[in-house]
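So the sequence lines, in the order shown, correspond to chains A and B.
At position 211 of the first sequence the residue is numbered 211 (this note's numbering), and the sequence of numbers has no breaks.
Throughout, this note's numbering is defined as the position within the second sequence, counted from one, plus 334.
Read the hints as simulated data drawn from the structure, not as lab findings.
Quantities reported herein were computed from a predicted structural model and do not represent experimental measurements.
One or more of the hints may lead you astray.
[To be verified] Computed footprint of chain A on chain B; a stretch qualifies when at least three of its residues, placed anywhere within it, have a C-beta under 8 Å from a C-beta of chain A:
#: 1; stretch: 422-431
#: 2; stretch: 438-450
#: 3; stretch: 488-500
#: 4; stretch: 538-546
#: 5; stretch: 645-654
Ideal Cβ positions, reconstructed from N, Cα and C, are used throughout, including at glycine.
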Amino acid sequence: MSPLLDSIFSSDFGFAVLRVMTPLIFPALGFAITDLAGVVNISLEGMMLMSAFFGVIVGAFTGSLLLALLAGILIGIAMGAALGYFHLKLKTDIILGAIAMNMFASGFTIFLLYVLTGDKGSTSSLKSLVFPEVHIPLLRSIPVLGDILSGHNVLTYAALLSAIVFFFLIFKTPLGLRIRAVGQNPDAARSVGINVDRVQLYALMLSGLFGALGGLYLSMGYVSWFARDMTAGRGWIAIAAATLGGNMPLGTFLAALLFGSVNALAIYIASVNIPSELIQMIPYVATVLALALYAIRVQKRRQKIKEEALEEEYDSGPPDNPPPAAAKQRGGSS
Amino acid sequence: MQKFILRNFTLIRTLIAIALGIVISIFLIYVISETPGFSLKSFLIAPLLSKSRLSNIVENATPILFCGIAIAVAFRAKQFNIGAEGALFISAAVGTAFAVSTSMPIFIHIPLVLLVAAGAGAAWGFIPGFMKAKWGASELVASLMMNYVAYFLGLYLINNFFRDKEAGFLVSYRLPESARLAQFLEGTRMHYGVFLALGAALLIYYLMFHTTLGYEIRMTGHNQGFSRFGGIKIFKIIILVQVIEGALAGMGGMTEIMGIHGRFNWQMSPGYGWEGIIVAIIGREHPILIIFASFFLAYIRVGGQSLNLLADVPFELVTVIQAVIIILITAEAFLGRFKYKLTVNEAKREEAGDESLA
Numbered sequence: 001m002s003p004l005l006d007s008i009f010s011s012d013f014g015f016a017v018l019r020v021m022t023p024l025i026f027p028a029l030g031f032a033i034t035d036l037a038g039v040v041n042i043s044l045e046g047m048m049l050m051s052a053f054f055g056v057i058v059g060a061f062t063g064s065l066l067l068a069l070l071a072g073i074l075i076g077i078a079m080g081a082a083l084g085y086f087h088l089k090l091k092t093d094i095i096l097g098a099i100a101m102n103m104f105a106s107g108f109t110i111f112l113l114y115v116l117t118g119d120k121g122s123t124s125s126l127k128s129l130v131f132p133e134v135h136i137p138l139l140r141s142i143p144v145l146g147d148i149l150s151g152h153n154v155l156t157y158a159a160l161l162s163a164i165v166f167f168f169l170i171f172k173t174p175l176g177l178r179i180r181a182v183g184q185n186p187d188a189a190r191s192v193g194i195n196v197d198r199v200q201l202y203a204l205m206l207s208g209l210f211g212a213l214g215g216l217y218l219s220m221g222y223v224s225w226f227a228r229d230m231t232a233g234r235g236w237i238a239i240a241a242a243t244l245g246g247n248m249p250l251g252t253f254l255a256a257l258l259f260g261s262v263n264a265l266a267i268y269i270a271s272v273n274i275p276s277e278l279i280q281m282i283p284y285v286a287t288v289l290a291l292a293l294y295a296i297r298v299q300k301r302r303q304k305i306k307e308e309a310l311e312e313e314y315d316s317g318p319p320d321n322p323p324p325a326a327a328k329q330r331g332g333s334s
Numbered sequence: 335m336q337k338f339i340l341r342n343f344t345l346i347r348t349l350i351a352i353a354l355g356i357v358i359s360i361f362l363i364y365v366i367s368e369t370p371g372f373s374l375k376s377f378l379i380a381p382l383l384s385k386s387r388l389s390n391i392v393e394n395a396t397p398i399l400f401c402g403i404a405i406a407v408a409f410r411a412k413q414f415n416i417g418a419e420g421a422l423f424i425s426a427a428v429g430t431a432f433a434v435s436t437s438m439p440i441f442i443h444i445p446l447v448l449l450v451a452a453g454a455g456a457a458w459g460f461i462p463g464f465m466k467a468k469w470g471a472s473e474l475v476a477s478l479m480m481n482y483v484a485y486f487l488g489l490y491l492i493n494n495f496f497r498d499k500e501a502g503f504l505v506s507y508r509l510p511e512s513a514r515l516a517q518f519l520e521g522t523r524m525h526y527g528v529f530l531a532l533g534a535a536l537l538i539y540y541l542m543f544h545t546t547l548g549y550e551i552r553m554t555g556h557n558q559g560f561s562r563f564g565g566i567k568i569f570k571i572i573i574l575v576q577v578i579e580g581a582l583a584g585m586g587g588m589t590e591i592m593g594i595h596g597r598f599n600w601q602m603s604p605g606y607g608w609e610g611i612i613v614a615i616i617g618r619e620h621p622i623l624i625i626f627a628s629f630f631l632a633y634i635r636v637g638g639q640s641l642n643l644l645a646d647v648p649f650e651l652v653t654v655i656q657a658v659i660i661i662l663i664t665a666e667a668f669l670g671r672f673k674y675k676l677t678v679n680e681a682k683r684e685e686a687g688d689e690s691l692a
């Protein structure tokens with residue numbers, strides 16, 4: 001086991017964790033923003049897949065990294081807008097609609113892949129563009145930290161930054177305030193003149209933007225090709241990460257870090273004599289466990305709040321004639 | 335006529351959605367195929383002309399039907415457990431493991447193997463069900479993760495303990511004859527599993543619409559708070575529907591192994607659990623309608639295969655069409671204005687009728 005431990009405590013491992021968590025942070029933030037707005041978007045998997053595909057294709061046919069980036073982002077936003085249209089205008093159940101979007105993305109990318117390249121597996125026949133790696137001048141010379149933090153793909157840094165951007169967007173901008181208001185109580189938001197549908201549509205489009213960046217990283221950074229269904233459940237693990245992080249930027253980041261570490265661990269353990277099937281299972285088992293633990297915690301907290309509220313009610317005011325208006329208000333807000 | 339349309343509006347809307355899906359596929363074929371006429375023929379007509387393709391439809395429809403009714407039970411209670419795929423895979427692996435390591439007379443062996451498979455599936459459904467009922471964890475995400483766990487665990491089980499090393503590829507040992515479902519038509523692979531599936535669909539229909547439990551399941555889906563007040567044990571229902579889902583999906587996987595392959599030979603997850611979601615939606619979560627939906631889906635999938643094989647259009651055309659059909663069917667406002675107009679017209683006519691009578 002000791003060579004394994006050695007490799008886990010090496011800076012390579014830290015580097016690998018950041019690499020693996022990049023395609024989780026983006027979609028996790030993408031999910032968080034929709035959950036905050038009350039329109040749970042579970043089609044991140046499909047959004048990532050579409051953007052990963054169109055990024056590679058546009059990049060290969062135009063030779064321009066910028067156009068590839070734009071195409072990927074546009075397709076992601078378009079997916080979000082489409083889901084918004086189905087849900088908000090056509091009254092599709094958002095879960096079923098998103099399942100259909102995922103299915104569409106999986107089929108459509110393979111379909112076009114075949115039509116464009118004659119291959120149904122991957123775009124290995126195309127010359128794919130890759131986003132550049134960034135070596136940060138001062139940081140890279142710091143012994144261990146430099147090895148871990150420097151030399152990553154530009155999108156990895158974008159992922160770390162996007163958690164901060166997400167924070168400002170949600171807590172410091174009018175749109176963020178509206179998103180939170182709409183998610184907490186759409187009727188109340190409507191009553192103060194917020195256009196609920198529009199805010200939810202924006203949230204879905206932003207979600208598409210985040211998902212697109214995750215997808216672009218997968219096919220033009222993590223690897224340099226598009227392969228069918230290459231997201232391999234990352235869009236779903238990301239949802240678990242966002243849920244685990246309470247849809248907040250720091251929590252989501254930490255949850256993505258956790259899943260990233262487990263994933264990287266699974267790659268490293270491969271050198272040990274354990275059947276590969278069991279190793280590949282680890283991230284998914286970890287997700288189920290984390291999901292359960294998180295749910296237990298939330299439930300306990302909720303119970304505690306309830307108990308405290310009851311105690312407070314009991315302590316304050318004479319029990320014979322509680323002020324009816326106040327009692328009503330408390331009931332409504334809990 | 336208007337009254338008839340109004341009464342069967344959802345059914346007609348579903349048929350229109352399917353028709354639109356097919357129109358779009360015809361359009362796509364015309365765009366990309368060099369021989370569109372031939373492609374179209376191999377897509378829509380070829381499946382109906384040969385005996386082997388017709389039997390392919392029946393074979394395909396069998397596990398899809400099992401998964402479709404399985405998912406419908408959970409969806410009816412508004413439990414979005416999409417773990418049928420995983421339940422099917424792990425059940426087939428566990429059932430195979432059980433079948434190859436035991437030997438019994440056929441009339442005990444077959445039901446026992448099916449029971450073991452259903453048990454494995456039920457256990458698989460229980461986990462997300464319990465997590466949801468007890469702690470409120472999302473069954474959607476949990477069941478999805480469980481799909482991946484099932485896939486790797488199933489492969490681990492078969493590849494490490496029950497692998498037939500004499501076969502040149504990764505498969506399990508052959509099932510003993512006593513655990514095989516017979517094929518009933520010479521020259522095809524159609525097996526008695528299809529009757530099990532049809533029987534299960536009828537049983538679930540009875541359960542959902544003619545028993546108290548079925549009523550409780552449906553009420554839980556309609557309004558959980560109200561059901562709780564009415565004395566329905568939500569905790570039990572949430573777990574039970576997912577256990578039933580897993581068990582049924584598990585039977586679907588096992589019958590496929592017992593009837594067609596005779597050994598566990600999946601290296602990829604076969605995807606029947608996903609198709610089950612599609613037919614559950616097309617069939618509006620109604621077991622009898624899901625029977626028709628399963629055969630329809632099997633028909634366009636066999637069409638897609640022959641399209642892929644004979645013509646120059648990839649199979650994934652079918653996946654795209656499926657997505658379009660689902661979106662149209664679940665879009666409640668699709669044709670909403672048309673329905674509104676019909677309703678208004680009908681009301682006006684009735685009013686006029688009343689006046690003329692008066």
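Now for the hints, and whether the structure bears them out:
| no. | hint | in the structure |
| --- | --- | --- |
| 1 | 422-431 | violated (count 0) |
| 2 | 438-450 | violated (count 0) |
| 3 | 488-500 | holds (count 4) |
| 4 | 538-546 | violated (count 0) |
| 5 | 645-654 | holds (count 6) |
This entry does not satisfy hints 1, 2 and 4, going by the numbered hints stated previously.
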